[in-house]
Amino acid sequence: MSKIGVFVCHCGTNISSVVDVYKVAEAAAQMPGVSYAAEYKYMCSEPGQQMILDAIKEHGLNRIVIAACSPRMHETTFRKMLKKSKINEYLLEIANIREQDAWVHPPGEEATEKAIDLVRMAVAKVAKNEPLKSSLIPITKKALVVGGGIAGIQAALDIADAGHEVVLLEREPSIGGRMVMLDKTFPTLDCSACISTPKMVDVSAHPNIKLLTYAEVAAVKGYIGNFTVTIRQKAKYVNQDICTGCGICEDKCPKKVTSEFNKGLSDRPAIYKLFPQAVPAKPVIDRETCLMLQNGKCGICAKVCPVEGCIDYEAKDVEYDEDFGAVILATGYKLVDWGGMYDEYGAGRYPDVIDGLTFERLVNASGPTEGHIQRPSDGKEPKTVVIVKCVGSRDPKKGKPYCSRACCMYAAKHAHQILDKIHGARVFIFYIDVRTPGKNYEEFYDQTRKDGAVYVRGRVSRIYSDGEGLVCQGEDTLLNKQVRVKADLVVLETAMEPNEGAGELTGLFGASRDVNGWIQEAHPKLRPVETQVGGVFLAGACQGPKDIPDTVAQASAAAAKVIGLLNQDEMETSPMIAAIDESKCSGCGACEPICPYRAITLETIRSREGRFTNAERVIAKVNAGLCQGCGACTVACRTGAIDLLGFRNAQILTEVDALWQ
Amino acid sequence: MNKNEQQQKMRETAARLLDAGEAAYVIGFGETRFPEKTSILFAHNAEEADRFVWNDACVQSLAKYLLEDRFADYRVGIFARGCESRAINRMIKDNQFKRDHVHILGIPCEGVNAKRCASCAVHNPVVYDELLWDAVPEPNPETARFARAEAVEAMGPEERYAYWSDVYSRCIRCYACRQACPVCSCRECYVDMDRQGFQGKRHSVSDNQTFGVTRAFHVADRCIECGECERVCPMGLPILGQTQKIIKDITQLSGDYQAGMNAEDGNFLGAFDLDDKDDFM
Ligand SMILES: Cc1cc2nc3c(=O)[nH]c(=O)nc-3n(C[C@H](O)[C@H](O)[C@H](O)COP(=O)(O)OP(=O)(O)OC[C@H]3O[C@@H](n4cnc5c(N)ncnc54)[C@H](O)[C@@H]3O)c2cc1C
Ligand code: SF4
Ligand code: SF4
Chain A
1 MSKIGVFVCH CGTNISSVVD VYKVAEAAAQ MPGVSYAAEY KYMCSEPGQQ
51 MILDAIKEHG LNRIVIAACS PRMHETTFRK MLKKSKINEY LLEIANIREQ
101 DAWVHPPGEE ATEKAIDLVR MAVAKVAKNE PLKSSLIPIT KKALVVGGGI
151 AGIQAALDIA DAGHEVVLLE REPSIGGRMV MLDKTFPTLD CSACISTPKM
201 VDVSAHPNIK LLTYAEVAAV KGYIGNFTVT IRQKAKYVNQ DICTGCGICE
251 DKCPKKVTSE FNKGLSDRPA IYKLFPQAVP AKPVIDRETC LMLQNGKCGI
301 CAKVCPVEGC IDYEAKDVEY DEDFGAVILA TGYKLVDWGG MYDEYGAGRY
351 PDVIDGLTFE RLVNASGPTE GHIQRPSDGK EPKTVVIVKC VGSRDPKKGK
401 PYCSRACCMY AAKHAHQILD KIHGARVFIF YIDVRTPGKN YEEFYDQTRK
451 DGAVYVRGRV SRIYSDGEGL VCQGEDTLLN KQVRVKADLV VLETAMEPNE
501 GAGELTGLFG ASRDVNGWIQ EAHPKLRPVE TQVGGVFLAG ACQGPKDIPD
551 TVAQASAAAA KVIGLLNQDE METSPMIAAI DESKCSGCGA CEPICPYRAI
601 TLETIRSREG RFTNAERVIA KVNAGLCQGC GACTVACRTG AIDLLGFRNA
651 QILTEVDALW Q
Chain B
662 MNKNEQQQKM RETAARLLDA GEAAYVIGFG ETRFPEKTSI LFAHNAEEAD
712 RFVWNDACVQ SLAKYLLEDR FADYRVGIFA RGCESRAINR MIKDNQFKRD
762 HVHILGIPCE GVNAKRCASC AVHNPVVYDE LLWDAVPEPN PETARFARAE
812 AVEAMGPEER YAYWSDVYSR CIRCYACRQA CPVCSCRECY VDMDRQGFQG
862 KRHSVSDNQT FGVTRAFHVA DRCIECGECE RVCPMGLPIL GQTQKIIKDI
912 TQLSGDYQAG MNAEDGNFLG AFDLDDKDDF M
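Protein chains in written order, with the numbering used here: chain A, 1 to 661; chain B, 662 to 942.
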């Protein structure tokens, strides 16, 4: 016999100013199965909860309905409360009479009637609820951080400092990400390398961190607390254990290729370190360009290397499995290929139209020009520079619909750097808006204008060469006039987009991405560093454009989540997951590809099937660690063999039926 | 080869298969007392195999009978036209048995019955262990396949509603369509469950319609368009047309869609891809 208690909350006046809560409680008392109903000002408060617990004892209640705010707010609160009683915490239903009623309707009869309907539905459902038990799964106390930009570095250090093992995996030959390419960082203008390279060194020296560079994630199995990741270590051809990092090989290598790190402004050898302060400070051979590895002729590096047997052209990629309890994705961003998007800007034909990262290398003291701003075409110092913001950002037609967030600030930084380094220089910045919502950001922008940067409000419609030099043509929307600026150098502050391969990587972990390809957070406000996959977190620009302060903050937040997880020896799983009725499952597998978390696998079992006593047949199985209880599979199954515990089809239909009673 | 020679070939092949012990029995057509009707014949030996017939009365689909012995540890032989072969692919895709469980005797067929085979788009078996005679030309893909779906589409919403209401007011819920459908392979059909919540057992137009719509959706992306459902319907209801309307929509969304052409693809309605078209949103 169900003895249901219904508790109607005023939520201060949030609910009671619209809904007649007394009437709702009275009506609830009459509903089938209800033995007690009451109302109270704040159900979630200490005295509110005590009132419920007392009523449970006094009236021998065995199921509870709470008519209050959204279950997202306090379902867990009330479940915890029920742990203090004899009632299983899943014999609870929340009727949301706040968000779904009081907040969206005017006060009056109808709002009250709706509240009564919602309560009736919850009462009908709770009568059908069954007690559920969560299970415990063990946790591997080691974290994997994918991506060694500032986000990955910060997260790895935080987790390692808390005493847990971390593997930091980076696909480039060095960690550092985009930040080490930058010269100075807004708004403080401290040198990017000075603040990032010490952290890189900390990573390599930390006893709890294993650093893997030139490595990739090849496959992922498992679930929260229990991931098995197949790591592919690309062959470096240089024995990292004995190499002293002397750099002779780099000097002597006869093959020169364009340096990606210097954005094509200089060359690098085929055996190379990404940049002088690279971590690890040992070179790798780029097999795509190495003469020896490509056509077997050369071998100079092996000859000049002072360490016997250090260079090994026979080295092979190796793949191996490693277990982790938690994962942080920190794969960062890249800049869009603006040439393909903006033909009117010359589509890359003019060497002196460059993007922001190229400018960072140009102005960087450790860059190819040693920090002298020299334009790529002829090495001359530009006198007039045009900076164009939002190239590819905020442009749903040609580029990306979103704002790339850091560009307003680094455009101001670039203007400042030009005005600072080139005496008598003139800088024009074309902009749509200037957005500076960060600590000391507005002040920085103000200073740049005081320094003499000219802000022109409008988009640049065309960049062309008039024979003598570049001309930027655009509209000054404040003056309502077409303007033309002759420029020696044009810097396009282009949109950020998800890094190469971020999609595949996210897919391997079963996480999802938003419409623009950024990794999707579980909740934009309340769970910003989690993905929808348990145990997989995110940090930095892989989630969306971000500057360094936000990236680092997010990385530490993700690390805190990981530390919280790894501090436990085992964890409770939600019992509200899919359950398969094996007797009904025909093994058709319709459910398997539907599951976004790859929680379903098909397995062969043996059972008695009519006259075949030991028949082999296929059935679907749900992995309790992976299943997130989304319910997608339950609709795929034609025979209804899958049900979501806590949301069984029959329970939901009872709820719907109650609406018409 | 004419039909008589083909029949002879079928008998010989089945006899050879059974003699060699490669299958416990072979599923085919047999005679009845009525010349215009055939029965299903399960031949266990060469002698029985000599009773197989092949003529224009062979309208039933043989494939469904494979499900009877899907758990058997012996192999089963079966004659398969285009339609049966697609059904077999579908069964393999749905993990009802492994490919090796069946020995498929492919019999190309240009249609046995004008009504049943009107919308047939695949004459030749798409999977087989041996082909008993040469492949026949495939039908012109433009013809007929979606003729009935198009007729339904041509109606206005009200006319269409009246049409289906009329159809389902006549349904007697005997579930013969489900029984005959070679891709209905659930262990327990939802219509047979008690209190599953949404399918009323009453004999009312709305419950009949619920059944009709659910049936069509349950089979739509697996349906191999053999027309067995319609053929066995004692009330003569045009329900393949209903399923084909959904198949036609699938075809419009995804390009050509024919279930059971291989044992790997399928489950269009149960698949999700970020690149799916969503023009309707
Ligand atoms: C021109 C320019 C100037 C800027 N100036 C400033 C500034 O002055 N101040 C400021 O605060 N911000 C600035 N920013 C923003 C800053 O670059 C970012 O906030 C920051 O780099 C984000 O760090 P991250 O670690 O998230 O990503 P990234 O720096 O992109 O690092 C990601 C790392 O992950 C690795 N990776 C990617 N995919 C994989 C994979 N599949 N497997 C393994 N490893 C992988 C990459 O190789 C890379 O090392 C600027 C940006 C630009 C474009
Ligand atoms: S969809 Fe249903 S019948 Fe098919 S495998 Fe999944 S649970 Fe089993
Ligand atoms: S409810 Fe079903 S689809 Fe959703 S995660 Fe669980 S098994 Fe996968």
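It should be emphasised that the hints constitute simulated quantities derived from the structure, not laboratory data. In this text, a Cβ means the ideal position worked out from N, Cα and C, and glycines have one as well. Check each hint, because a few of them may be wrong.
Some residues of chain A that are not near chain B, with every Cβ distance over 10 angstroms (derived) [unchecked claim]:
1. C243
2. L293
3. E344
4. S461
5. T639
Taking lysine-lysine and the DSSO-like style, the derived pairs with C-alpha atoms no more than 30 angstroms apart in a straight line are [to be verified]:
6. A:K199 / A:K334
7. A:K133 / A:K84
8. B:K670 / A:K621
9. A:K221 / B:K759
10. B:K670 / A:K584
11. B:K938 / A:K398
12. A:K114 / A:K80
13. B:K862 / A:K584
14. A:K334 / B:K759
15. B:K759 / B:K670
16. B:K698 / A:K303
17. A:K86 / A:K141
Going through the hints against the structure:
For C243 of chain A, the non-interface assignment is confirmed: its Cβ lies about 43 angstroms from the closest Cβ of chain B, beyond the 10 angstroms cut-off. Distance check on L293 of chain A: its Cβ is at least 37 angstroms (rounded) from any Cβ of chain B, clearing the 10 angstroms threshold; non-interface status holds. At roughly 29 angstroms from the closest C-beta of chain B, the C-beta of E344 of chain A stays outside 10 angstroms, upholding its exclusion from the interface. Distance check on S461 of chain A: its Cβ is at least 32 angstroms (rounded) from any Cβ of chain B, clearing the 10 angstroms threshold; non-interface status holds.
The Cβ of T639 of chain A does not lie farther than 10 angstroms from every Cβ of chain B; its closest approach is about 4 angstroms, which violates its non-interface assignment. At roughly 22 angstroms between alpha-carbon atoms, K199 of chain A and K334 of chain A fall within 30 angstroms of each other, so this suggested pair holds. Taking the CA atoms of K133 of chain A and K84 of chain A, the gap is about 15 angstroms. The hint holds against a cut of 30 angstroms. Of the supplied pair hints, the one linking K670 of chain B and K621 of chain A is violated, its CA atoms being roughly 46 angstroms apart against a limit of 30 angstroms.
Between K221 of chain A and K759 of chain B, the direct Cα distance comes to roughly 27 angstroms. Compliance with the 30 angstroms bound is thereby established for this hinted pair. For a cut-off of 30 angstroms, the pair hint linking K670 of chain B to K584 of chain A is broken: about 41 angstroms separates their Cα positions. Between K938 of chain B and K398 of chain A the CA atoms are separated by roughly 21 angstroms; this keeps the pair inside 30 angstroms, and the hint holds. The straight-line distance between the Cα atoms of K114 of chain A and K80 of chain A is roughly 28 angstroms, inside the 30 angstroms bound, and the hint therefore holds.
Distance hint between K862 of chain B and K584 of chain A is fulfilled; the C-alpha atoms sit about 20 angstroms from each other, no more than 30 angstroms. Between K334 of chain A and K759 of chain B, the direct Cα distance comes to roughly 48 angstroms. Violation of the 30 angstroms bound is thereby established for this hinted pair. With a C-alpha separation of about 27 angstroms, the suggested pair K759 of chain B and K670 of chain B falls inside the 30 angstroms cut-off, and the hint holds. Annotation: proposed proximity of K698 of chain B to K303 of chain A is violated, straight-line Cα distance about 88 angstroms (limit 30 angstroms).
Between K86 of chain A and K141 of chain A the alpha-carbon distance is near 34 angstroms, which puts this suggested pair outside the 30 angstroms criterion.
Checked against the numbered hints above, the structure breaks hints 5, 8, 10, 14, 16 and 17 and satisfies the rest.
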